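Trainee: So the chains spell out like this:
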Amino acid sequence: MGKLKLISEGIIKNNPTFVLILGMCPTLGTTTSAINGMGMGLATLFVLVLSNMSISAIAKLIPEEVRIPSYIVVIAAFVTILQLLLQAFIPSLYETLGIFIPLIVVNCIVLGRAEAYANKNSVIDSAFDGLGVGLGFTIALTILGLVRELLGSGSLFGWKFIQGEGMLAFVLAPGAFIVLAYLIVLFRKVTANKA
Amino acid sequence: MEYIIIIISAVFVNNIVLSQFLGVCPFLGVSKKVSTALGMSAAVAFVMALSTLVTYLLQYYVLLPLGIGFLQTVSFILVIAGLVQMVEIILKKISPALYQALGIFLPLITTNCCVLGVALLVVNNEFTFGGDPHMLNLGQSVVYTVASAIGFGLAITLFSGIREQLDLNNVPKAFRGVPIALIVAGIMAMAFMGFSGIV
Amino acid sequence: MAKESSFKSMVITLSVICLVCSALLGVVYSVTKAPIEAAELAKINNAIKAVVPECDNNPSEEVFEVDGSVVYPAKMNGTIVGYAIKVKASGFGGPIQMMVGFNADGTIYNTSVISHSETPGLGAQISDEIPTRTQIVGKNPASSKLSVTKDGGEIDAITASTITSRAFLKGVDAAYKVFVELQKQQ
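So the sequences go chain by chain: A, B and C. Here this note's numbering is used: the first residue of the first sequence is 1294, the next is one more, and so on. Here this note's numbering is used: the first residue of the second sequence is 581, the next is one more, and so on. Here this note's numbering is used: the first residue of the third sequence is 734, the next is one more, and so on.
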């Protein structure tokens, strides 16, 4: 029960994208296709789980005043590790996500979870919390990418099944804002009916 | 001439919020009123200009000569966090009035991704401003950064003006708050796309 | 609860954290250094392979520079069969890095775009559609005017991607200039 609930809360009740509206920059910037959205989501998930775990482990040793800078350094270290690993083993993803990988450091979701959860809870719980929130973020980004890719280029995960040009506006900047707005509305409707 | 191209390009064509998606969080978060939006943009512009200056020097005179480019992200974010803290302390001492106006925005700036984003863009990417691709020199970097900050200010100020009006209207319940704001931002992004191709 | 904070403990904690993180990063960096270089080399090699005729040497090992541009010679049994020339051009969204391949006689063998930041769906066609539709493969820049019709050339720009098409052709042209310079030197 306990651990599963932590994960499901991250996906639904505390969904970082649809409910908390956090981490908007990568959400909008990288979701030109489903696969890119998913890549960004998983990259954030990786950093989130590791930073949550290490911060929960060292939280008690850190004096109050330097809490935030310490957390940021820890997060930045994991982001750089991710950056190096991607560059070495999945260079194509590294190039598509570009500047948004180092920017995971300032993604409010990561620091937010460290502050709100990891520094008060056990290492294991923090790991699951990171996993839940990370999955929620990944799912949201994948859906957003899916819709934009479908409308914008008529394909799903790179598999093109509608011929022709597609509605380019959805791949470009304006589409990102508008699709996200409608997804939030939809999410609100669905979860409101459930409750 | 080149500086004019840089400014037009950074403010309108490649607006950091509406076309590069940097700084969207404060764009949505502190845009309910025009006055707070202006305060936030001023604080962001100030910190961005300073941090690009410092990170540029750090990159070219410390990280690259020592061959520790992989510490880029860590050192840049530390510089930014430190600078924000310093600006806060100095403002408090020197100009309490300005501190009153900008103070509450300062802690938010560390996690504003346009500061780190622009600092990274400037040292990692080549730009084309009307000529062949090249890395920016120090002067161009600072001009580009300030212009980007002005672009941020322009976008957030226009946006907050629209949101003030939006509050007076009857928006469907599910759209209230963020969704309708996002749609407004989408339409603004479309308008800004009209600038593309002018430089 | 958090440890009692004093100036000393603050400085110590922060320094320790920074040190540990930097050390950790140093380790990861040294481990990933070789794979990163291999991945970058593989990318260049793929681009070269796509733009030169079949060869039995390794062009990226015999690389040299002409006029500040990087040139990779392709050889078959020791004779030059073509050159891959790496050039940059100013696109619509930023720099475009591309590899242009020539046969030994100066006709274009093929082109390959290494990186670009063009608009998705429009200028981004630079990596597939634009090279095919501009039909430059097999042409010799010495005899045909490779620029868009708007600039008085004989190539139709791709609709809605004129600037990218123009940048692409400029890149090809720059590579050809390097090729001519190369012939002069020999």
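Note that these hints are calculated values from the structure, not bench results. Where hints are given, some of them may not hold.
Unchecked claim - Residues on chain C that point at chain A, a partial pick, calculated with CB under 8 Å:
no., residue
1, L757
2, G759
3, Y762
4, T765
5, L774
6, I777
7, V796
8, F797
9, G801
10, S848
Unchecked claim - With a straight-line Cα cutoff of 30 Å, these simulated BS3-like cross-link-like pairs (lysine-lysine) come out:
no., chain 1, residue 1, chain 2, residue 2
11, A, K1353, A, K1306
12, C, K741, C, K808
13, C, K741, C, K782
14, A, K1306, B, K673
15, B, K672, C, K741
16, A, K1353, B, K613
17, C, K766, C, K878
18, C, K776, C, K808
19, C, K741, C, K766
20, A, K1482, B, K672
21, A, K1296, A, K1306
22, B, K673, A, K1482
23, B, K672, B, K753
24, A, K1453, C, K878
25, C, K910, C, K878
26, A, K1413, C, K782
27, B, K672, A, K1296
28, A, K1296, A, K1353
29, A, K1453, A, K1413
30, B, K672, A, K1306
31, A, K1353, C, K741
32, C, K741, B, K673
33, A, K1453, C, K741
Since this is a predicted model, take the numbers as computed values, not measurements. Cβ coordinates follow ideal geometry from the N, Cα and C atoms, glycine included.
Trainee: Given the hinted pair A/K1413 and C/K782, is their alpha-carbon gap at most 30 Å?
Mentor: violated (55 Å)
Trainee: For the hint on C/F797, does the least C-beta distance to chain A fall short of 8 Å?
Mentor: At 26 Å from the nearest chain A Cβ, C/F797 fails the 8 Å test, so the hint is violated.
Trainee: Regarding the pair C/K741 and C/K808, is the alpha-carbon distance no greater than 30 Å?
Mentor: Between C/K741 and C/K808 the Cα gap is close to 66 Å, so the pair fails against 30 Å, i.e. violated.
Trainee: Hold the hint about C/V796 up to the distance rule: shortest CB distance to chain A must be less than 8 Å.
Mentor: Violated. Min distance 20 Å.
Trainee: For the pair supplied as a hint, A/K1296 and A/K1306, is the alpha-carbon distance within the 30 Å limit?
Mentor: holds (15 Å)
Trainee: Under the criterion that the straight-line Cα-Cα distance not exceed 30 Å, is the pair C/K741, B/K673 satisfied?
Mentor: holds (24 Å)
Trainee: Would the pair C/K741 and C/K766 pass a check requiring their Cα atoms to be no farther apart than 30 Å?
Mentor: Since the Cα atoms of C/K741 and C/K766 sit roughly 37 Å apart, the hinted pair is violated (cutoff 30 Å).
Trainee: Can the hint on C/G759 be confirmed by a CB-to-CB distance to chain A that is less than 8 Å?
Mentor: violated (11 Å)
Trainee: Given the proposed pairing of A/K1353 with C/K741, does the C-alpha separation stay at or below 30 Å?
Mentor: holds (17 Å)
Trainee: Is C/K776 within 30 Å of C/K808, Cα to Cα?
Mentor: Roughly 20 Å separates the two Cα atoms, so the pair holds.
Trainee: Is the interface hint for C/S848 satisfied, with its Cβ closer than 8 Å to some Cβ of chain A?
Mentor: holds (7 Å)
Trainee: Taking 30 Å as the top limit, are the C-alpha atoms of A/K1453 and A/K1413 close enough?
Mentor: violated (47 Å)
Hint violations for this structure: numbers 2, 5, 6, 7, 8, 9, 12, 13, 14, 16, 17, 19, 20, 22, 23, 24, 26, 27, 29, 30 and 33, all remaining hints satisfied.
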